[in-house]
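**Student:** This is what each chain is made of:
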Amino acid sequence: MEPVTKLVEGFMYPNEVELQWSILIVLYPYITGLVAGAFILASLERVFRVEAVKPTYRLALLTALAFLLVAPLPLQLHLGHPERSFEMFLTPHRSSAMAMFGFVYLWYLAAVLVMEIWLDFRKDIVLLSRTAPSAMRWIYKLLTLGSQNISERSLQIDDRVGYIVTVVGIPSAFLLHGYVGFIFGSVKANPWWSTPLMPIVFLFSAISSGISVVLLIYMAATRLRRQALDMRCLDTMGSYLFYLFVIDFTLEMVDLTHRIYEAGESFQSLDFMVHSRLYFSHIVVQIVLGTLVPLALLGSAQLWRMSEARRKSVYALSGLLIMTGIFAMRWNVVIGGQLFSKSFLGYTTYKLEFATREGLLAAILLMILPFIILWALVKLLPPWTTLAHEAAGGRDGGNT
Amino acid sequence: MTTRREAIKTAARLLVLTPAAVAYFERPTSADAPAESKYDMAKHWWAMSIDIEKCIGCGNCVRGCANENAVPRGYFRTWVERYQAPAYPDEDHPEVDSPDGAFNGFPEKKKDNAKSFFVPKLCNQCAHSPCVQVCPVGATFETPDGLVLVDQTYCLGCRYCVQACPYGCRYIHPEKQTVDKCTFCYHRISKGLVTACVEVCPTGARTLADLKDPKDPIHAFLRDNPVQVLKPHMATGAKVYYKSLDESVR
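Line by line, the protein sequences are chains Z and L.
Per numbering that gives the first Met the number 0, the first sequence runs over residues 0 to 399.
Per numbering that gives the first Met the number 0, the second sequence runs over residues 0 to 249.
It is worth saying that the hints were derived from the structure and are not from the lab.
A couple of the hints might just be wrong.
[Stated by the list, open to error] Calculated cross-link-like contacts (lysine to aspartate or glutamate; reagent style EDC-like; alpha-carbon spacing at most 16 Å): (1) Lys230(L) x Glu264(Z); (2) Lys114(L) x Glu246(L); (3) Lys108(L) x Asp96(L); (4) Lys350(Z) x Glu8(Z); (5) Lys175(L) x Glu82(Z); (6) Lys190(L) x Asp209(L).
Using the sequences plus the hints, can you model the full thing?
**Tutor:** Printed below as a string of structure tokens:
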């Protein structure tokens with residue numbers, strides 16, 4: 000017991016000394032946020048007809064899928080009894096926000112994302128099933144699900160259904176991530192979490208981080224492919240990122256102002272925590288580096304004329320900073336919410352281990368995994384513009 | 000000679016009979032049936048009363064509980080806190096300690112002009128438990144006799160309930176990797192005994208109470224004393240009632 004008590008400052012209930020949710024639970028909202036954000040970006044083009052972001056449309060969908068496939072892994076690794084996790088589907092407890100995760104996740108994965116990707120890539124899959132090398136041809140044949148029909152009429156139907164799926168997908172993406180916010184926001188025992196703003200703040204930060212990740216992947220992939228960046232697309236993403244991030248920041252400031260002004264029972268304790276144990280991750284990384292700096296950068300790109308090269312660096316740097324800042328935000332919510340005692344009389348410490356089941360190494364591997372999956376998905380279903388596609392015309396062709 | 004058709008028919012009949020056969024072989028026999036319990040859950044509604052003025056911080060309850068329930072060291076189904084209320088107006092919060100959950104009582108500590116007292120704590124067996132609400136599989140549940148229990152064979156170890164408990168009463172059992180907490184010694188009270196902590200308390204600071212029993216002294220206790228529960232603003236329907244609870248206690 001002795002080494003454990005040294006982590007404590009002031010008084011904590013004895014069972015509180017040990018933190019319950021680790022860095023893996025930080026990854027969970029971070030990754031689902033990237034999924035929701037990437038999907039919202041894709042829907043910008045599809046539903047809201049923002050034509051400029053077309054070059055990232057299919058890439059955004061594949062990015063969302065790659066991250067979505069990884070999203071449940073940190074949860075599984077964290078559970079004391081992962082072998083029982085299936086019980087959540089068989090005997091869900093209806094009053095539990097967490098029990099709904101499986102259903103929201105499955106709905107989003109199967110009914111929205113996979114469906115939309117399949118519809119959107121169907122023509123490519125059919126063409127590839129005829130032209131790809133023999134081993135791959137079988138995979139594509141399997142992916143066609145037996146339909147080789149790519150007539151004008153059938154593609155129109157795909158397009159129509161795909162549109163409907165996206166329209167359904169937008170509230171689903173909001174649900175997927177808003178509900179992750181609700182998991183935290185509905186814990187009345189924890190004043191750092193308990194606020195009705197939590198799902199909305201989570202949602203807007205998710206959109207910001209999702210746009211950032213697609214923007215960075217798009218820039219990196221274009222460079223790797225030695226192609227020219229579509230600056231109109233990049234500028235549009237930059238301005239959307241700016242406006243959405245302004246909303247995100249405003250919401251967080253509303254929450255902060257409200258807390259400071261109300262100065263409720265927990266305020267002193269939380270205020271002390273932000274100025275001590277959370278100072279670096281909250282003030283320095285989340286607010287200054289992760290929010291104010293990228294807002295200033297993106298804002299300046301809106302206000303002043305800049306050369307193409309400079310705009311590229313502004314967007315890349317802002318994207319990186321926003322992703323870091325939003326990771327810090329998740330960290331501050333999940334870890335920060337467990338550093339103070341519910342007696343408001345003391346603080347504990349989170350000791351991040353390295354090569355353990357819930358350590359830093361596992362977290363790093365889990366963050367690399369979606370990029371490997373994305374690489375495989377991009378190989379399987381190339382999302383890039385090709386001359387053949389453009390020549391083929393139609394929505395599907397023009398879209399890619 | 001058996002034709003193929005007959006063989007299939009016989010096999011089909013056997014197949015249909017399989018569940019019946021299983022039921023037959025697994026039927027409870029008088030030898031292994033548990034003795035019928037006389038305990039009627041519907042007739043009880045358990046609670047506890049704690050008299051702060053009587054607690055001397057000896058830690059007997061903490062040790063008694065740990066022995067009775069094999070509580071792993073470093074984790075607590077019950078513990079005792081020592082409060083030294085703030086000396087107004089210089090300090091704005093009390094000094095609180097609970098070394099090793101008071102497993103070995105408290106070392107002497109003097110604070111001039113301070114109001115000192117001990118606060119025993121345990122699961123409040125809430126009637127509207129936030130922990131039960133959040134459990135994704137219903138492994139934590141409320142019993143008809145007013146207790147909150149955990150099905151250890153069903154708990155995922157997701158720890159959401161630990162986060163949801165405002166009182167810090169839950170922990171993850173380091174070996175079982177499932178959540179654990181005070182059960183009001185259900186194995187004892189359902190046999191007509193009192194909880195281990197009540198049993199070993201030398202001053203009678205804790206009393207097990209049955210709110211459905213009209214003759215239980217709890218009714219007089221609640222009527223005649225200023226009584227409070229912990230964190231009433233959480234609206235958890237806590238059923239551990241404290242007499243003489245100071246406002247500084249959290």
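**Student:** So if I understand the rule, the pair passes when the alpha-carbon distance is 16 Å or less; does Lys108(L) with Asp96(L) pass?
**Tutor:** 10 Å, holds
**Student:** Has the given pair, Lys350(Z) with Glu8(Z), been kept, meaning a C-alpha gap of at most 16 Å?
**Tutor:** Given pair Lys350(Z), Glu8(Z) holds - Cα atoms ~14 Å apart, limit 16 Å.
**Student:** Are Lys114(L) and Glu246(L) close enough, with their CA atoms no more than 16 Å apart?
**Tutor:** Judged against 16 Å, a Cα distance of about 12 Å means the pair holds.
**Student:** Check the hint pairing Lys175(L) with Glu82(Z) against an upper bound of 16 Å on the C-alpha distance.
**Tutor:** 14 Å, holds
**Student:** Mind checking the alpha carbons of Lys230(L) and Glu264(Z) for me, to see if they're no more than 16 Å apart?
**Tutor:** 11 Å, holds
**Student:** When you check the alpha-carbon spacing of Lys190(L) and Asp209(L), does it fall within 16 Å?
**Tutor:** Holds, because 14 Å separates the two Cα atoms, which is no more than 16 Å.
Hint compliance for this structure: every hint is met.
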